[in-house]
Amino acid sequence: GAVVSQHPSRVICKSGTSVKIECRSLDFQATTMFWYRQFPKQSLMLMATSNEGSKATYEQGVEKDKFLINHASLTLSTLTVTSAHPEDSSFYICSARGGLAGVTDTQYFGPGTRLTVL
Amino acid sequence: AQKITQTQPGMFVQEKEAVTLDCTYDTSDPSYGLFWYKQPSSGEMIFLIYQGSYDQQNATEGRYSLNFQKARKSANLVISASQLGDSAMYFCASRGVGNEKLTFGTGTRLTIIP
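Respectively, the protein sequence lines represent chains G and B.
Position 72, counted from 1, in the first sequence is what my numbering calls 72; the numbers after and before it change by one each time, with no gaps.
Position 72, counted from 1, in the second sequence is what my numbering calls 190; the numbers after and before it change by one each time, with no gaps.
Only true hints are included.
Here are a few chain B residues that face chain G, going by a calculated C-beta distance under 10 Å:
{"id": "1", "residue": "Gln124"}
{"id": "2", "residue": "Tyr155"}
{"id": "3", "residue": "Gln157"}
{"id": "4", "residue": "Ser160"}
{"id": "5", "residue": "Glu162"}
{"id": "6", "residue": "Phe165"}
{"id": "7", "residue": "Arg213"}
{"id": "8", "residue": "Lys219"}
{"id": "9", "residue": "Phe222"}
{"id": "10", "residue": "Gly223"}
{"id": "11", "residue": "Thr224"}
Hints in this document: simulated from the structure, not taken from any laboratory.
Given the structure is predicted, the values throughout are model-derived calculations rather than measurements.
Glycine residues also receive a C-beta, built at the ideal position from the N, C-alpha and C atoms.
Build out the structure end to end from the sequences listed, making use of the hints.
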């Protein structure tokens, strides 16, 4: 299957700082990338969907000014958690999907980033 | 809209036995896809298998097979000859035509006992 990388895998930061997480599709062009958040022992919660060159579409309840998403190229999307607070501590996972929109397109996931805000 | 139900929060299975993880779905889309992902303790989501709603045959990928029963709206994952490395969370997901988003179930934690 296709490979999606995510960096960093783990980050610890002080409250009030901003943290950038990168998501890259290594061997395919990702027309669409997704950012999820996962709390312990829970399912994935979609935060936003981004298409290359356009603004991200955020899910209801997700603050777009707090979680900045940039999908600058077909292989790179970034999530910036601005002015992070302890309640932002979570596991963040990106996924990427190539090709035309259709039910058969598989989403491939990155390995995730564990964010801890002190 | 899509809804996925996984009714087994946890399962314990003896090594080498087959295991079935349940998944039922609810959708109004005429065409949809069903996916299974594995999430080990490391956190990565590993794609296992895909079934299209119009596929005539059940999908198979190595030890994984999908028992697709359209009339019952179920898409159970079957793992044959389970191994210790199969211990993980398993998520069922679906996506309708024209919809970019995957809808996930709550997951089943599978533990393989030696």
